[in-house]
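Engineer: In full-length UniProt numbering, the protein residues as written are 1 to 76.
Hints listed in this document are in silico derivations from the structure and should not be mistaken for laboratory results.
A portion of the hints provided could be inaccurate.
Unchecked claim - Straight line, CA to CA, 20 Å or less: simulated EDC-like cross-link-like pairs of lysine to aspartate or glutamate: (1) K22 - E57; (2) K19 - E57; (3) K9 - E43; (4) K24 - E61; (5) K45 - E68.
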Amino acid sequence: MKRLSPSTKLVLEVISNRKIVKFKELKEITGLSTRTLRYALKELKEMGLIKVLPCLEDARERLYALTEIEECYKIS
Numbered sequence: 001m002k003r004l005s006p007s008t009k010l011v012l013e014v015i016s017n018r019k020i021v022k023f024k025e026l027k028e029i030t031g032l033s034t035r036t037l038r039y040a041l042k043e044l045k046e047m048g049l050i051k052v053l054p055c056l057e058d059a060r061e062r063l064y065a066l067t068e069i070e071e072c073y074k075i076s
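Modelling step: build the complete structure from the supplied sequences, incorporating the hints.
Structural biologist: In structure tokens form, the structure reads like this:
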């Protein structure tokens, strides 16, 4: 398995703790730059650790969740 950078580990930890989180929230919580945060999310998505979900409140927003959370999101 690919080694994760410290910033990617931080993003994964925040998503693990919050279950479902918006990009803006991730940016505020982690304090990472937009570019670094987008790269971390891209890495996690490519590794199959997270899923990107549509935000039902605002179509311009995306939600990030651990892969197994996606099924619960669809049910509710």
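Engineer: Each of the hints needs a verdict: does it hold here or not?
Structural biologist: Hint-by-hint comparison with the structure:
no. : hint      : verdict
1   : K22 - E57 : holds (11 Å)
2   : K19 - E57 : holds (17 Å)
3   : K9 - E43  : holds (10 Å)
4   : K24 - E61 : holds (9 Å)
5   : K45 - E68 : holds (13 Å)
The earlier numbered hints are all upheld by this structure, with none contradicted.
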